[in-house]
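The whole structure should be built from the sequences, with the hints applied where relevant.
Order-wise, the sequence lines are chains Z and L. Residues in the first sequence are numbered from 1 upward in steps of one, following my numbering. Residues in the second sequence are numbered from 1 upward in steps of one, following my numbering.
For the record, the hints were derived by calculation from the structure and aren't laboratory data. As the structure is a computational prediction, the values presented were derived from the model and not from experiment. One or more of the hints may lead you astray.
[What the hints assert, rightly or not] Pairwise CB distance ranges, derived in the manner of DEER restraints:
#	chain 1	residue 1	chain 2	residue 2	range
1	L	Val-288	Z	Asn-71	37 to 43 Å
2	L	Glu-312	Z	Asn-71	52 to 58 Å
3	L	Gly-458	Z	Asn-71	56 to 62 Å
4	L	Glu-211	Z	Thr-2	52 to 58 Å
5	Z	Asn-71	L	Lys-326	54 to 60 Å
6	L	Glu-246	Z	Asn-71	47 to 53 Å
7	L	Ala-196	Z	Pro-72	48 to 54 Å
8	L	Arg-343	Z	Thr-2	26 to 32 Å
9	Z	Lys-24	L	Asp-372	37 to 43 Å
10	L	Pro-419	Z	Lys-24	38 to 44 Å
Ideal Cβ placement from N, Cα and C applies to all residues, glycine included.
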Amino acid sequence: MTKLILLCDDELPILRAVEFKLRKVGFSVKLAQNGEVAWAVIQEAAPDLIVSDYQMPILDGLELAKRVRENPATQHIPFILLTGKGFELDQEDLRARLGITRVLSKPFSPRELVEEATKILQSAEYGSESAAEAHIGTS
Amino acid sequence: MTRQQMGTLFRNLCCLGGISALSIAVLTLGLGTGGWEPWVAAAAVTLFGTAVVLKSTVSSKERETTRRWLEELVRRLESVVAGKTVLEPGVTLEFPKGYDDIGRQLTRRIEQLGELIEGLTQAQAVAEIRAQKATMVARQIASVLDLLPDPVLVVNGFDRVEVANSAAREFLGLKELDTDDGRSCVGNELFQELMARIRRLKIRDTQFDWEGNDGDDHRFHFRVLVREWRPDGQESSLPSLAIVLEDTSSLTNLRKRHAEFVSAVSHEMKAPLAGIRAYVELLADEDVDETTRDEFVTTIESQIERLQRLIENLLNLARIEAGIMKVKKQNYSLNEILEDAARVMRPHAEQKHIDFQCELSPLYLGVVADRDLLLQAAINLLSNAIKYTPDGGKVVLRSRMEEEYAAFEVEDTGVGLSPEDCQRVFERFYRVESHKNMAPGTGLGLPLTKHIVEDVHGGRITVRSELGKGSTFVVEIPRAVAVSGSVGRAVSVGS
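Encoded structure:
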């Protein structure tokens with residue numbers, strides 16, 4: 001089944017480039033220009049992966065991640081954070097506190113992003129399958 | 001001889017005549033009886049009478065001398081008491097017999113008294129001058145202290161405030177210090193917290209950082225400088241404290257703003273770089289058709305331009321700081337410069353579905369300008385308007401002829417500015433708090449624009465705005481007298 005990726009960035013050229021690359025690999029992609037729009041899209045149809053910029057108007061990437069983690073229906077969705085900040089962010093803390101799966105520093109390589117996305121989605125699939133097996137095993 | 005002396009002499013002569021007559025009468029009566037007794041009696045009467053007259057004459061002279069002497073003493077005393085520092089030369093004093101020594105002593109004492117009073121009077125005058133001067137100096141010091149932006153306090157050994165400049169009074173919320181023995185600040189929380197911190201210090205002559213919230217809930221950052229001193233210099237007395245609160249909030253803010261600036265600049269640079277890198281990689285990796293290829297190349301070009309504009313802003317600001325801005329002014333049409341700016345910014349407005357309109361004056365608006373700088377100013381204003389206007393909003397660029405100026409304005413239907421922000425948006429690195437989440441920015445665009453308009457072109461920039469409704473930035477540049485004026489006149493404008 002085609003995986004759905006939500007892509008959120010206030011920079012249109014980045015949205016366009018990453019969308020182009022992800023579609024080429026066969027992912028289906030939804031776009032949002034800020035966290036608020038992204039949240040609305042997520043609630044409509046939960047994506048398999050969220051790729052979001054950090055600094056955006058109205059609702060930034062970390063606030064979006066917080067909403068995603070606080071909602072039971074979306075809290076399992078893996079989250080890749082794109083950021084121009086880098087050294088100012090504590091990646092361990094972000095992982096522990098907001099479940100940020102991966103942080104990619106700008107300027108990033110779309111090729112690398114596709115590789116990361118594929119890896120995360122595969123392990124998420126494997127993780128959910130094994131979780132399901134474990135669940136069956138205990139019942 | 002005075003009339004008084006003549007009177008005394010006449011009286012004495014009369015007495016002498018009376019005595020002689022009495023003696024003759026005694027003698028005449030005695031001769032009738034015979035024998036020596038009448039002669040003796042007459043002689044006795046004469047001698048006694050003469051003695052009496054003589055005595056009277058002598059004592060009257062002495063009394064006169066004494067009286068004159070006393071009068072002179074009184075005169076001198078009066079003169080001394082009246083504060084006449086230089087004694088008028090009086091009559092030469094003639095002392096009664098036997099009174100010479102005491103008379104001279106008295107005179108000497110009066111002279112000493114005079115000198116003493118003279119000294120005292122001079123001392124009093126000096127003291128008055130000094131007191132006036134001290135009052136003046138105290139007033140000067142108080143007004144100088146009041147000029148200082150930092151709060152200054154003197155607190156005595158009983159924790160009473162003896163000196164507080166206006167900054168200190170304002171900070172602590174005190175009115176005038178009207179009592180002589182200082183003002184008690186028992187109920188003043190800020191003062192009590194300050195004194196509690198000072199009491200905890202091991203060394204009294206020191207400094208420490210103090211931050212907190214004041215009565216109006218404003219955050220303050222102070223470096224507190226404390227000096228202990230004893231007003232009378234006595235080791236045993238209770239020491240007073242001189243306290244200066246050096247406001248470091250501006251320094252702290254500046255550092256914070258600088259850090260934010262570096263972060264914002266790197267973000268601003270990384271955004272176009274990220275675009276360039278992504279599209280270069282796409283072109284290298286993917287097999288794309290020609291249309292897509294053209295689209296990617298155009299995007300790369302626009303991102304490179306964006307990066308270039310940012311670097312130019314940064315460089316120009318650095319040049320301003322270093323004072324090495326090179327300005328090349330010539331006659332230009334303001335409308336042409338504005339059209340160029342609109343051409344650069346139109347794609348950005350379209351991207352956000354912003355209704356971007358140009359309402360340029362049909363008149364020729366000649367300005368003597370550095371084209372590149374004025375273009376940068378116009379682009380900065382348009383870029384801000386587009387950045388802070390939500391999707392679907394409206395931005396209008398207008399130009400018009402004014403009496404002395406060629407003016408243009410950029411009006412938007414964006415988020416708007418508070419009155420305080422209107423005052424501060426032209427400060428370097430200042431970023432409106434509520435705008436930080438709206439769009440990235442360096443806080444450089446407006447200060448640079450202001451510099452270009454006001455310092456380089458002798459014009460002026462103003463802003464009017466309403467929160468939630470939008471802002472209008474108005475730029476006025478002195479008009480060049482391009483049509484009829486000589487070149488010399490034209491060049492002199494704004495140069």
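Hints, verified against the model:
1. Val-288/L with Asn-71/Z: 37 to 43 Å: Once the Cβ atoms are compared, 38 Å apart, the range 37 to 43 Å for Asn-71/Z and Val-288/L holds.
2. Glu-312/L with Asn-71/Z: 52 to 58 Å: Since the Cβ atoms of Glu-312/L and Asn-71/Z sit about 45 Å apart, the hinted range of 52 to 58 Å is violated.
3. Gly-458/L with Asn-71/Z: 56 to 62 Å: Holds: the Cβ-Cβ distance is about 58 Å, inside 56 to 62 Å.
4. Glu-211/L with Thr-2/Z: 52 to 58 Å: Roughly 56 Å apart at Cβ, these two residues keep to the hinted range, so it holds.
5. Asn-71/Z with Lys-326/L: 54 to 60 Å: holds, 57 Å
6. Glu-246/L with Asn-71/Z: 47 to 53 Å: holds, 49 Å
7. Ala-196/L with Pro-72/Z: 48 to 54 Å: holds, 50 Å
8. Arg-343/L with Thr-2/Z: 26 to 32 Å: violated, 42 Å
9. Lys-24/Z with Asp-372/L: 37 to 43 Å: Given a distance of about 41 Å, which is inside 37 to 43 Å, the answer is holds.
10. Pro-419/L with Lys-24/Z: 38 to 44 Å: violated, 52 Å
Hint compliance for this structure: hints 2, 8 and 10 are not met, and every other hint is.
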